[in-house]
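Undergrad: Listed below are the residues making up each chain.
8 protein chains.
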Amino acid sequence: MNAKSIQLLFEQVRQGKLTPDAAVDRLRHLPFEDLGFAKVDHHRALRAGMPEIILSQGKTPSQVAAIFARLAKHGGNVLATRANEKQFAAVKKQVRGVEYRELARAIVLQKDATRFGKGVIAVISAGTSDIPVAEEAVVTAEIMGNEVEHFYDVGVAGIHRLLAHREAITKARVVIVCAGMEGALPSVVGGLVGVPVIAVPTSIGYGASFNGLAALLGMLNSCASNVSVVNIDNGFGAGYVASLINRST
Amino acid sequence: MNAKSIQLLFEQVRQGKLTPDAAVDRLRHLPFEDLGFAKVDHHRALRAGMPEIILSQGKTPSQVAAIFARLAKHGGNVLATRANEKQFAAVKKQVRGVEYRELARAIVLQKDATRFGKGVIAVISAGTSDIPVAEEAVVTAEIMGNEVEHFYDVGVAGIHRLLAHREAITKARVVIVCAGMEGALPSVVGGLVGVPVIAVPTSIGYGASFNGLAALLGMLNSCASNVSVVNIDNGFGAGYVASLINRST
Amino acid sequence: MNAKSIQLLFEQVRQGKLTPDAAVDRLRHLPFEDLGFAKVDHHRALRAGMPEIILSQGKTPSQVAAIFARLAKHGGNVLATRANEKQFAAVKKQVRGVEYRELARAIVLQKDATRFGKGVIAVISAGTSDIPVAEEAVVTAEIMGNEVEHFYDVGVAGIHRLLAHREAITKARVVIVCAGMEGALPSVVGGLVGVPVIAVPTSIGYGASFNGLAALLGMLNSCASNVSVVNIDNGFGAGYVASLINRST
Amino acid sequence: MNAKSIQLLFEQVRQGKLTPDAAVDRLRHLPFEDLGFAKVDHHRALRAGMPEIILSQGKTPSQVAAIFARLAKHGGNVLATRANEKQFAAVKKQVRGVEYRELARAIVLQKDATRFGKGVIAVISAGTSDIPVAEEAVVTAEIMGNEVEHFYDVGVAGIHRLLAHREAITKARVVIVCAGMEGALPSVVGGLVGVPVIAVPTSIGYGASFNGLAALLGMLNSCASNVSVVNIDNGFGAGYVASLINRST
Amino acid sequence: MNAKSIQLLFEQVRQGKLTPDAAVDRLRHLPFEDLGFAKVDHHRALRAGMPEIILSQGKTPSQVAAIFARLAKHGGNVLATRANEKQFAAVKKQVRGVEYRELARAIVLQKDATRFGKGVIAVISAGTSDIPVAEEAVVTAEIMGNEVEHFYDVGVAGIHRLLAHREAITKARVVIVCAGMEGALPSVVGGLVGVPVIAVPTSIGYGASFNGLAALLGMLNSCASNVSVVNIDNGFGAGYVASLINRST
Amino acid sequence: MNAKSIQLLFEQVRQGKLTPDAAVDRLRHLPFEDLGFAKVDHHRALRAGMPEIILSQGKTPSQVAAIFARLAKHGGNVLATRANEKQFAAVKKQVRGVEYRELARAIVLQKDATRFGKGVIAVISAGTSDIPVAEEAVVTAEIMGNEVEHFYDVGVAGIHRLLAHREAITKARVVIVCAGMEGALPSVVGGLVGVPVIAVPTSIGYGASFNGLAALLGMLNSCASNVSVVNIDNGFGAGYVASLINRST
Amino acid sequence: MNAKSIQLLFEQVRQGKLTPDAAVDRLRHLPFEDLGFAKVDHHRALRAGMPEIILSQGKTPSQVAAIFARLAKHGGNVLATRANEKQFAAVKKQVRGVEYRELARAIVLQKDATRFGKGVIAVISAGTSDIPVAEEAVVTAEIMGNEVEHFYDVGVAGIHRLLAHREAITKARVVIVCAGMEGALPSVVGGLVGVPVIAVPTSIGYGASFNGLAALLGMLNSCASNVSVVNIDNGFGAGYVASLINRST
Amino acid sequence: MNAKSIQLLFEQVRQGKLTPDAAVDRLRHLPFEDLGFAKVDHHRALRAGMPEIILSQGKTPSQVAAIFARLAKHGGNVLATRANEKQFAAVKKQVRGVEYRELARAIVLQKDATRFGKGVIAVISAGTSDIPVAEEAVVTAEIMGNEVEHFYDVGVAGIHRLLAHREAITKARVVIVCAGMEGALPSVVGGLVGVPVIAVPTSIGYGASFNGLAALLGMLNSCASNVSVVNIDNGFGAGYVASLINRST
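Protein chains in written order, with the numbering used here: chain A, 1 to 249; chain B, 250 to 498; chain C, 499 to 747; chain D, 748 to 996; chain E, 997 to 1245; chain F, 1246 to 1494; chain G, 1495 to 1743; chain H, 1744 to 1992.
By construction, these hints were calculated from the structure, which means they are not laboratory data.
In this text, a Cβ means the ideal position worked out from N, Cα and C, and glycines have one as well.
Don't take each hint at face value.
[What the hints assert, rightly or not] Now the in silico label distances, taken between C-beta atoms and shown as ranges: (1) H:1818 <-> G:1593: 49 to 55 Å; (2) G:1644 <-> H:1906: 51 to 57 Å; (3) C:614 <-> D:861: 51 to 57 Å; (4) C:614 <-> E:1156: 22 to 28 Å; (5) G:1597 <-> C:556: 28 to 34 Å; (6) A:93 <-> E:1090: 54 to 60 Å.
All chains, full assembly: derive it from the sequences and hints.
TA: As structure tokens, then:
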């Protein structure tokens, strides 16, 4: 289901083929297709013009496949995050054209490759271990129609590594910064650029990192004013918010 | 100091009136005017085209006044957040045209009223007590050149109050949501709009709100994908990030 | 053992067949049948007219089976929560008529199907992953003699999904709301209905959800006055309290 | 505004004196009377048949007085919790018939003394210092039309004090238990009665009580199945929930 | 090595067979027998007249066996706590007369069965799941020469179960109380007896029990003055302290 | 009221002057004298042979005075902890012979100076700032009939200061150790002595001491087996438990 | 008392003027001069050749003055940290030559100005508000005989401010970095220099800074290997450790 | 790559064989060799003269081997921490001369055995279980060119075990102390020596040790002024900082 279905609905009303009451009723029922275990909500896609999203974590391969297949029928892009290879195998059997982005742990179905974003989204990671989270942001931003550039392993303890990319980074229209441990990178990047910075704390670290809490607190207390924060390891959320900012017209 | 000073610098180099070395040296020293207790950093204004900002909390009235006066000389807008009336009185003696926004606890000097934002920024608060934080966001967004609309006391326990404003809210290009207690409002708003939502947890509440921690955790775990979060009570940060998003060209 | 046994006891005293002292002594010893590893307490059933309950978690299949069989002999309903299939297999060998409710992870023996509840108990879950906790509440309420209606996957980020069921929900006499992540749903539901809402935080989420802590704090700080809270993932407790409220005469 | 106003509205529609559109419009606007700093929401009263509630904490005396006066005009009961004497003085000047319940820190206007509750609500406190929280529950339950009995200073370290009141307590239809420190009392009471127990952790204690956190955690982990919990020091919430349970018909 | 070895040392000095310097030197070296991975400290046994203790957790079976064998040579009692069956098997091969106490997860070598305790130590557990911790306390107290009586599954939600044993419990000279979940039992027991109560929080529970934190905080805030607390699941520590109290002469 | 009153009661029954029923009734009512704001519980004194205790914190001077006067009438010792000078002044007006122990912040009425303790209780403090807590333990132990010796300012960073008192300390029958900051002293003392050590964490410290949490956790994790712990700053509890241990016969 | 007193002691033994036993005895008693409320420990000064230190916080002016005066008699440097003006006034009356360092809140008596440090200690602060903590480190390092250079207000959000001082900072032999909020500065500095960095989290910040906890966790998780950390706001400790490193020979 | 490569670069510029621009360009590109998943940063080695370090945790055997081999080519020492046997096997296939230090879980390639440290580094562990962390510190210090002495199993509950090594410990130029549970050892050691103490909290313990949090807090609050702290289980960091201190010239 896409915007066209709704335009059609209103056209039918205009042409007198449908009473307003009936139209309202149809609208109310259309977007809820009960799969038994989850109400697939097409309204969300409708409202935002965004791809359909599935959080695969905690779902069985067959559940992921069933939801994915149903969503794929509406003709837009579909993204399943936190997916493992078994879940991908199950989806692949039912849906043609899907791809598994291993680093990002994402299943992707890209039917629409329209570029919605106006500029480049830069995705930066502090360490090698933060890459899976960064890649989740990359995949999300790409499927939402953005040009993405990434800069990995440029943590603050070797500030020259970050500064070496300064010129490229400052050209971005939005910046995503993924960092675990002390989570200091967003503050430094925030000071280098004049655009919104989405900070993603990662659970990388040990001991007093408390599974990402240290990085999270650090980012929330950033002394750079252009930083906002999403949940620990939430690369998807960062990619999603960045895409909304980049497409804003 | 503004962009012109730097253009002039480079022009002098081009014309051979200044050696590159001397220019570099002048550039390095220019932006740091040592006031004895704080290095006023004009580079930040330069980079972002943003007003000068002072966090008044923890500074004496005379310190605030001294920094404010110095910044005011550069001709742009100046905003002092978390300011009390004594600090305002001290500033008023030294700087003409300043205004005290009581609800927002902000001292404002608006010399440049250019509209930079492309759309409207909506600022929403859950309860009456969250208004000071919301107002700090409003003032920040206004001085950064945005049109702002606010919707106060529309918390989730009376969802019809929020829905009554739904049409107006969905027209905004960025939405700021301030809420204490359980901090549920950003998730609901996030589901209603298709634009970025900046969530601001407030310290309003008691007992297990732990001074805003409950609201902060709630917002970080939002099931709406378009929500990012700033520090507890950080209305300024939300206004700042929203302004960057709204002006993005 | 049931209320009749005690009435009999008193009758025997009235008829002079038993001295008061002997009766007291018998009463004191009756309810404690020592199984070696747990004192089975029939007093609890007696007092509340409720089914016997076993928390299976942390017990071996044979322990669960032994306690279940003993309780089943007293003729009332028996409910074993947090049970796995192995525990069910062990019980099934010893007790006839037991049933395994897989989603709810519960072993059920329903001998008495009297309807004790005066109205309907509504059980609402925010997401698909919260269903096991919600189902535990459903099973508990059902075995305690209530009519239950459930509404799943109606989280706050798509508020229209909840509102679509508003009419049905407002007819309930008690409402149970299960939600993980930000735990915002009970506040919204609490604002829609005029009856008691039992909120159950679930451990669904990641990162800063801290295994349900975020949802728990959110619910404790609910701005809706009709919300009270039970432990994380405690679907049983919610079903139990709701049943007491619904039967209150 | 009360139910009659709405009945009138529908009557006017039935009689053709008002178009449905106009009626909808009037309904939408009626309940929101903008006081400038808070939207007074009469819908809530309408829905629940409950008194109007004001949380006085964090409001100025004149704010409390203004909201109180406005609410009082609708003819129902009004309750301002967490109120101090200055706030009471301000209210008293504007509203006739108000009363200050010092122990409970509550301002009360009781115009309607109808008994809505079907049974007795028992309010129990563990220690002398928990009494203000318990009294807030008492006042709330009373103004909502309930008969209330209280049992104070019956903490678990002297279990005979509680047991001495056992007979009276077991006659209640709902029980509220307020306790600080280790918060053990609700579990013991929960085991004595067969009705819902609302547990209120209080911030009484020192050191590792962490301002009520110890009591809160204790109550959430209660081994008694009939216990649900409200926020620390939230006597009002407990009284409100208990009233809903007691009136349920 | 026991007290006799040291008496012999001093005797030799008295008789002139050893210079004081040489004696001091021998004393200094005697108690440290370096096993390569741990310094076995016989001084401890010497000082307290207590059995040798090994914390088996985190040690390999062969490490446990080696330390156990070495300690066993000194002729006193030896206790290895938190031991699994593999560790027991390894010990059994090297040391005669050892016994595995399965419930308590303890390896015991009791060569000396002298009764050191003056009275009875009562060990109480709230639930069935707390028994392993309680049994660790029982084994510890027994090997340290005490008469122990236990009372299991007498939690506070069925207070009559505890009261049924009141007479027996009040005869004890020290009481150990093990409880998870809300940890309320020590306060109730503390109010029933006039002797020291050692409270042991257990990690039994789920959700907001936070692995025993709730019980720990509850016990630290006990309103009974005769309660002191040891670490979560530390049955050994409780048994040890109780033994010292019971033997105090 | 003391043991004599109860003996008299039973004597009257024996002599036929009172029916058993009447005696039971009188016993049930005697110990509860309702002062309006607190039930004074003489049973506690009766059971334990201990002085009456008042926690003055959070009570008004007149409340403290009223309770103190009532308790004083029963002829035993009375101790009011956490008392300030105003509370003492109020008590002094009503009760003769009371004394204010300033360092310990305690009001003391010692009518019975019987020595109940069999040995010496040693009270040790790590730093100068821990002395008020230590003194509360001292006063409590003294009024409960013990000989007390104290050793102050002997923290672990200057271990020779502690070792200088080793001989005296090892003669004690129970040891109380008060320490803030890292709370390491109980472990060291626990290793030096063979008797029970009661550890009292104090709130002394700053930053990451989190008001005594660091010391509390340190003590709970003590590697010395003879250490048990009471609440932060709970000098009274430590003195109470130590007295019970010391008097145990 | 200084090293000379002890040399004298041994000299007297060598010359036979004192028996070894008497010398040992004198040594044992000398360093402990009991002031009634604190044992002044000259051993510490003796061992480390360091100034005497007083933590003034929580002490009365007269207590600070008494300890200061006593320590001053031994002829070395004396430093009272966390001192207010009243405490300084009290000290000034008793000790000549003392100085109050207002920013650092320190009372200083510098009798010995020997340079012990081999290189320069750099003290860096992130923001203006961190200066008091940084100054405490400066004063401590100076009185311990070091050359100190400071660099204030060079936080990470304007990384060019820090880099402008890079050359000077890399010349230091030890670096102290004070930062609140996200505490990111030590990681960046740690990456720039090849010497030990002592990180001092400050309590500057609000909301999720949790009084310095965010900065503390950030620093403990620093990705720079040369960073170690002291307590929140512990400028003194940082200065002390840095001095030991700088003097190491 | 080592210092010689850079000297060569500058020499070529001096001799006119390279333009400054070309030299700058070469310098910029040289240290970043992109391995695809991590930027190997030779600058760090260059700056500090330190071995190359790899954190093996979370990396696959082939990733560790690839990075190790690349780093090994530059001719200096290489250390891979937190490595398991599989990772070692992978490295061994590619690099000659590597060694696996099992206790320390470290892969070591020592090509340069120059002694950089001026004195001895003492590494102390409280218990047997802390040894792996201590050994990580030992290996790190050794490969960085230091003489190391270790003292294991000398925890505070048997203070004589520590004091027995006092003389040896006080000869060290830096001391590293590893301790879990209550983490008290650094304070005691800090009081015994006059040199910097690096405290390493370990995750050894159970219950309220909260995986090293108790030890961490204890160490941060140490009453000994010469203690600074690194992350939980961070033996590497302690060895690194100690090496920098020991080599400082």
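Undergrad: Against the range 28 to 34 Å, how does the distance between the Cβ atoms of residue 1597 of chain G and residue 556 of chain C compare: consistent or not?
TA: Since the Cβ atoms of residue 1597 of chain G and residue 556 of chain C sit about 58 Å apart, the hinted range of 28 to 34 Å is violated.
Undergrad: For the range 22 to 28 Å, tell me whether the beta carbons of residue 614 of chain C and residue 1156 of chain E fit it or not.
TA: holds (25 Å)
Undergrad: Using the beta carbons of residue 1644 of chain G and residue 1906 of chain H, state whether their distance is inside 51 to 57 Å or not.
TA: violated (40 Å)
Undergrad: I want to verify a distance hint. Is the separation of the beta carbons of residue 1818 of chain H and residue 1593 of chain G within 49 to 55 Å?
TA: holds (54 Å)
Undergrad: May I ask you to test the hint 54 to 60 Å on the CB atoms belonging to residue 93 of chain A and residue 1090 of chain E?
TA: Once the Cβ atoms are compared, 58 Å apart, the range 54 to 60 Å for residue 1090 of chain E and residue 93 of chain A holds.
Undergrad: Does the hinted range 51 to 57 Å hold for residue 614 of chain C and residue 861 of chain D at CB?
TA: violated (28 Å)
Violated hints, listed in ascending order, are 2, 3, 5; each of the other numbered hints is respected by the structure.
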